[in-house]
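> This is what each chain is made of:
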Amino acid sequence: MQANVDISLSPAELSLASPLIEIILTALAVLLLDLYLKEEEKGALTWISVLGLIIASIMTLVFWPSGEAVFYSSLRVDGFSLFLTNLLLAAAGLTLLASIHYLRNAHIHKGEFHALILFGTLGMILMASANDLILFFVALETMSVALYVLTGMWKERSEAGEAAMKYFLIGAFASGFLLYGIALIFGATGSTNLDRISAVLGAGAFRGDLLLNAGVSLVLIGFAFKVAAVPFHFWAPDVYDGAPTPVTAFMAVAVKGAAFAAWIRILLYHLGSVGDRWSFVLWTMAILTMTVGNLFALTQTSVKRMLAYSSIAHAGYLLIGIVAGGEAGGSAVLFYLLVYTLMTLGAFGVLMALKEHEKEADSYRHFAGIGFRHPFLGVAMSIFMLSLAGFPPLGGFTGKFYLFRAAIETDYTVLAVMGVLNSLLSVTYYLRILVMMYMEEGTGEARGFTGSPYLYAVIAATALGTVWLGIVPDLPLELSRLSFISLR
Amino acid sequence: MESLPGTLSLLLALPLLGALGLFCVPRDMKRALFGLALLATGLTFSWSLWILRAFDPAAGSMQFVDRLAWIPSYGIEYAVGIDGLSLFLVLLTTFLGPIVILASWSITQRVKEYLVFMLILQTSMLGTLMALDLFLFYVFWEAMLIPMYFIIGVWGGTRRIYAALKFVLFTMSGSLLMLVAIIALVSIAARLTHITSFDVVRLYDLRLPFVQQMWLFLAFSLSFAIKVPLFPFHTWLPDAHVEAPTAGSVILAGILLKMGAYGFLRFAIPLFPDAAVAATPFIATLAVVGIIYGALVAMMQRDLKKLVAYSSVSHLGFVMLGLFALNRQGLQGALYQMLSHGLSTGALFLAVGMIYERRHTRDIADFGGLWKPLPVFSAFFLLITLSSIGLPGLNGFVGEFLILLGAFKTVPVGAVGAAGGIVLAAIYMLWMYRRVIFGPVSPENRDLRDIDTREVALLAPLLVLIVFMGVYPQPILSRMLPSVNRVIMRVSEPGTVSAHWPPGTREGEQEKTRHAG
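So the protein lines, in turn, are chains A and B.
Quick note: the first sequence, position 194, residue 174 per the numbering used here, numbers continuous.
When you read off a place in the second sequence, starting at 1, and then add 57, the result is the number in the numbering used here.
Derived by calculation from the structure, the hints in this document are not laboratory data.
Ideal placement from N, C-alpha and C gives every residue a C-beta, glycine not left out.
Don't take each hint at face value.
[Unchecked claim] Cross-link-like lysine to any residue pairs, in silico, SDA-like; alpha carbons within 20 Å at most:
{"hint": "1", "chain 1": "A", "residue 1": "Lys135", "chain 2": "A", "residue 2": "Arg84"}
{"hint": "2", "chain 1": "B", "residue 1": "Lys169", "chain 2": "A", "residue 2": "Arg353"}
{"hint": "3", "chain 1": "B", "residue 1": "Lys169", "chain 2": "A", "residue 2": "Ser253"}
{"hint": "4", "chain 1": "B", "residue 1": "Lys169", "chain 2": "A", "residue 2": "Phe352"}
{"hint": "5", "chain 1": "B", "residue 1": "Lys466", "chain 2": "B", "residue 2": "Phe339"}
{"hint": "6", "chain 1": "B", "residue 1": "Lys169", "chain 2": "A", "residue 2": "Pro355"}
{"hint": "7", "chain 1": "B", "residue 1": "Lys223", "chain 2": "A", "residue 2": "Phe352"}
{"hint": "8", "chain 1": "B", "residue 1": "Lys169", "chain 2": "A", "residue 2": "Val359"}
{"hint": "9", "chain 1": "B", "residue 1": "Lys169", "chain 2": "B", "residue 2": "Leu96"}
{"hint": "10", "chain 1": "B", "residue 1": "Lys223", "chain 2": "A", "residue 2": "Thr279"}
{"hint": "11", "chain 1": "B", "residue 1": "Lys466", "chain 2": "B", "residue 2": "Leu448"}
{"hint": "12", "chain 1": "B", "residue 1": "Lys363", "chain 2": "B", "residue 2": "Asp423"}
{"hint": "13", "chain 1": "B", "residue 1": "Lys223", "chain 2": "A", "residue 2": "Arg412"}
{"hint": "14", "chain 1": "B", "residue 1": "Lys223", "chain 2": "A", "residue 2": "Ser124"}
{"hint": "15", "chain 1": "B", "residue 1": "Lys363", "chain 2": "B", "residue 2": "Glu414"}
{"hint": "16", "chain 1": "B", "residue 1": "Lys169", "chain 2": "A", "residue 2": "Leu404"}
{"hint": "17", "chain 1": "B", "residue 1": "Lys223", "chain 2": "A", "residue 2": "Leu404"}
{"hint": "18", "chain 1": "B", "residue 1": "Lys169", "chain 2": "B", "residue 2": "Leu263"}
{"hint": "19", "chain 1": "B", "residue 1": "Lys429", "chain 2": "B", "residue 2": "Val513"}
[Said to hold, decoys possible] Simulated restraints on C-beta separations:
{"hint": "20", "chain 1": "B", "residue 1": "Val513", "chain 2": "A", "residue 2": "Arg353", "range": "37 to 43 Å"}
{"hint": "21", "chain 1": "B", "residue 1": "His251", "chain 2": "A", "residue 2": "Ser53", "range": "52 to 58 Å"}
{"hint": "22", "chain 1": "B", "residue 1": "Arg259", "chain 2": "A", "residue 2": "Arg257", "range": "38 to 44 Å"}
{"hint": "23", "chain 1": "B", "residue 1": "Pro469", "chain 2": "A", "residue 2": "Trp448", "range": "53 to 59 Å"}
{"hint": "24", "chain 1": "B", "residue 1": "Pro469", "chain 2": "A", "residue 2": "Thr281", "range": "55 to 61 Å"}
{"hint": "25", "chain 1": "B", "residue 1": "Leu61", "chain 2": "A", "residue 2": "Arg353", "range": "29 to 35 Å"}
{"hint": "26", "chain 1": "B", "residue 1": "Ala247", "chain 2": "A", "residue 2": "Arg257", "range": "48 to 54 Å"}
{"hint": "27", "chain 1": "A", "residue 1": "Arg353", "chain 2": "B", "residue 2": "Thr165", "range": "15 to 21 Å"}
{"hint": "28", "chain 1": "B", "residue 1": "Arg511", "chain 2": "A", "residue 2": "Trp448", "range": "37 to 43 Å"}
{"hint": "29", "chain 1": "A", "residue 1": "Leu444", "chain 2": "B", "residue 2": "His251", "range": "34 to 40 Å"}
{"hint": "30", "chain 1": "A", "residue 1": "Thr281", "chain 2": "B", "residue 2": "Asp113", "range": "17 to 23 Å"}
{"hint": "31", "chain 1": "A", "residue 1": "Leu(-6)", "chain 2": "B", "residue 2": "Ala247", "range": "55 to 61 Å"}
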């Protein structure tokens, strides 16, 4: 390492960092304005945040060339990070739009909520683009700290505190694993920079096979915690259940997206040669995650908890793509993340639209008779449920099709068979919602619907997106493939 | 006649357009809703008649093919076509379309949604029959489930939710494994030929090693066998039939059950001919067991719908036996039997629905002496019953006769068993007819009104076809023949088919002979 490091920004670096800086500035502006705005004017914060996210998205499209590594190659801006950054920005934007009424009903402070979502998003974007294990770790912590607080934001609910505490403790635990793993990898390869690590691995010039393997396995465990893969999943249902629904949606979608992005970049791409030895472990983990997630989802009476377990199961499907690896597996994971983001956000959106006397309405019985009483929510929820279950011609089917295809082409046929059997299992509980909505008479509960037009717009957009990805998936498929092969 | 591009796509689009049109009609205008749905299905039927006229009976290949790149990066196409195997099933589907709409007049609640689902179902069934791309086929195949799920689950009987879920889970458990097999087949083919394509016509030319064929055949067959349903996968059928509304039962028995047999004929047998030959003894055995078992159970039923449902299990056993005779008579007979079962069982369910609407019971014991209050109905019902039994001169006879003829050549023992099934069919159907129509008339039944014009209009076209197909099968059989011959050729003459394939497949041939020896 050089002794004196030049810390001034070159114009190229500035333009690359500008979207990130823009997000920070937006978040700070929101925090500041929050102090001066009157309570009834705070709706503006949503628009400022959403505008900030849109501007950031445009800036990435304009300023980010392909394959550039900056800041002493600790940050890599390529097609892969472009794809994920925009996915994460969209997830954050949709979450904010959907939560306008929810925040009012739950008396959650707008300023902090928006700023924390923005900071969390920043951490996620950095996770997807980090080319250095240290930067990755810092990014992960940025995201995590924001989410710990967001989880506990609905102070009136007793479960919120419990969920936040649990999430924090487990999160800290997982971070410990990650950090120790990173240290061991540094010990074995002499660097935390991913380019240098893969060069060292490629040349076979590392010290201590055991050291390296121990490091990789610890990092793997850290990731497994973050995506809630079995057997490191037990925190997820309680945390998802206790958090405010918009935060749950954001966690289920964006945290998973960022964690899988980092997983692909670090474990699949740069540490791929070592990671291959772990494919059996991942294989087992994928099957366990799908099966346990689906079995527990089957027994839930709360739709929110059902969706929490179903998100565990979907992490299992995504792991199929990770095990398959290569261009087919990697791009299938990216495509599935896109589909998953839309359908899960939509499903949580519908959940937010139901209410019972200002309380959350999240049990199955609250869905009774909605299908005919509120056709829009009924149709949208049917699309999300059928897509999550993997019925064609919806996005969820296309996504699963590519995951299973990647597995079969790499001769993991058993994994694909387990995947389809799990889909069958999941049909049972997803269809239960349809049964409630269309085949049971409403009992008077959840009569109220929050009338927020923005929430409905988000639901409509995600539903249309889910259908679109099922019927004409060619363009997004090609995008996810190009993003994956742009990794370097 | 020169085929126009878009012919079949228009056929697919018409019901869907009707469904879109329904959204614009206010929900309380029941007549307008039904009128529009009738118009859409009527147009679909007329268009399919035009296709029948333009169909070249001599060509065994795909006709009216529409191709459009869908997901080019993965070799997935929107490709539809029609040949002698699918032509008449398509016609059966479009023919039953207006009839089931008309038969649904008694639906009073949520008419709009009901009709929308019916029309979507129509499109997805037609798509399943015409798809040439395996991916497209799978999409339509699964898409059939959702509308049927709703039709049973929302408008069905008391145990409708259970029946609907059972229907979906049974069908999906097979079809998901078929999805894996489809992907595996295409990726194996891609390795051999370096072309990724889901085009089934292209995949026909491939001859895989025997072991691979066997696995893939198993996965495809499971999916189709559940749909047929082949014994012992039939347990979903009685529940679904009993709980579905009349029109749902008609569609289920008339068309959906044929999809399984059609799948064997279009995909499982020609794609994996060696495996099909090897599996013949097993499937023929199951088919004969199904014939006898279905008939015996039907005999013991008290519920009319259950009786018809189990008779379907028996009749579909005939179809399977004919298919796996794997010769010309067998296949033609199976196809013919599929059509005539669609007509006669469809008519049976309509008839049962009519008396159910009058008495609100399906218990055979509640009826008796219906010939007195319902003379016209009784006459119609007799003809349908006889058609279902397979009386010579009516449609059922032709198919069963051809199937037995074909089966005697390859699986004679099975043919003997199946012939016994025909006797049983005569027993349970005639016994049922006697108990429902003859005997003393009970006071509850005395004042029932006879069927009205609408109901006559429902049954009459079916009866005309039942008689026509019984006395003059030639125009139908001759149009099936060229395509049937192609399937037979693929099964019996492996050498000629795989001759123009890249040398990579040769190894497969050797492996096959090794396994066979």
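> Determine for every hint whether it applies to the structure shown.
Now for the hints, and whether the structure bears them out:
Taken as a hint, the A:Lys135 and A:Arg84 pair is honoured in the structure, with Cα atoms around 13 Å apart against an allowance of 20 Å. Distance check on the hinted pair: B:Lys169 and A:Arg353 sit about 14 Å apart at the alpha-carbon level, within 20 Å; holds. Between the alpha carbons of B:Lys169 and A:Ser253 the distance comes to roughly 58 Å, so the proposed pair goes past 20 Å and is violated. Straight-line distance between C-alpha atoms of B:Lys169 and A:Phe352 comes to about 11 Å, which keeps the hinted pair within the 20 Å bound.
Distance restraint check for B:Lys466 and B:Phe339: the Cα-Cα separation of roughly 17 Å lies within the 20 Å cut-off, and the hinted pair is therefore satisfied. Between B:Lys169 and A:Pro355, the direct Cα distance comes to roughly 12 Å. Compliance with the 20 Å bound is thereby established for this hinted pair. Restraint check for B:Lys223 and A:Phe352: the C-alpha separation of about 23 Å exceeds 20 Å, so the hint is violated. The suggested pairing of B:Lys169 with A:Val359 holds, with an alpha-carbon distance near 14 Å, which does not exceed 20 Å.
Taken as a hint, the B:Lys169 and B:Leu96 pair is honoured in the structure, with Cα atoms around 15 Å apart against an allowance of 20 Å. Taken as a hint, the B:Lys223 and A:Thr279 pair is honoured in the structure, with Cα atoms around 18 Å apart against an allowance of 20 Å. Under the criterion of a C-alpha separation no larger than 20 Å, the hint pairing B:Lys466 with B:Leu448 is inconsistent with the structure, at around 23 Å. Only pairs whose Cα atoms come within 20 Å are accepted, and B:Lys363 paired with B:Asp423 is accepted, the gap being roughly 15 Å.
Straight-line distance between C-alpha atoms of B:Lys223 and A:Arg412 comes to about 12 Å, which keeps the hinted pair within the 20 Å bound. Between B:Lys223 and A:Ser124 the alpha-carbon distance is near 43 Å, which puts this suggested pair outside the 20 Å criterion. Between the alpha carbons of B:Lys363 and B:Glu414 the distance comes to roughly 17 Å, so the proposed pair stays at or under 20 Å and holds. The suggested pairing of B:Lys169 with A:Leu404 is violated, with an alpha-carbon distance near 30 Å, which exceeds 20 Å.
Between the alpha carbons of B:Lys223 and A:Leu404 the distance comes to roughly 12 Å, so the proposed pair stays at or under 20 Å and holds. The suggested pairing of B:Lys169 with B:Leu263 is violated, with an alpha-carbon distance near 46 Å, which exceeds 20 Å. At most 20 Å may separate the alpha-carbon atoms for a hinted pair to count; B:Lys429 and B:Val513 meet this at roughly 17 Å. A C-beta distance of roughly 39 Å is found between B:Val513 and A:Arg353, which places it inside the suggested range of 37 to 43 Å.
One distance hint, 52 to 58 Å for the beta-carbon pair B:His251 and A:Ser53, is violated here, with the actual separation near 39 Å. One distance hint, 38 to 44 Å for the beta-carbon pair B:Arg259 and A:Arg257, holds here, with the actual separation near 39 Å. Between B:Pro469 and A:Trp448, the C-beta spacing of about 56 Å keeps the proposed range 53 to 59 Å intact. Checked against the hint of 55 to 61 Å, the C-beta distance between B:Pro469 and A:Thr281 comes to roughly 58 Å, which is consistent with it.
At about 45 Å, the CB distance of B:Leu61 to A:Arg353 disagrees with the hint of 29 to 35 Å. The given range of 48 to 54 Å is broken by B:Ala247 and A:Arg257, whose C-beta atoms sit roughly 28 Å from each other. For A:Arg353 and B:Thr165, the Cβ-Cβ distance of about 18 Å falls inside the hinted range of 15 to 21 Å, so the restraint holds. At about 42 Å, the beta-carbon gap between B:Arg511 and A:Trp448 stays in the expected band of 37 to 43 Å.
Judged by the Cβ atoms, the range 34 to 40 Å given for A:Leu444 and B:His251 holds: they are separated by roughly 37 Å. The hinted range of 17 to 23 Å is not satisfied by A:Thr281 and B:Asp113, whose Cβ atoms lie roughly 60 Å apart. Take A:Leu(-6) and B:Ala247: their Cβ atoms lie about 47 Å apart, and the range 55 to 61 Å is violated.
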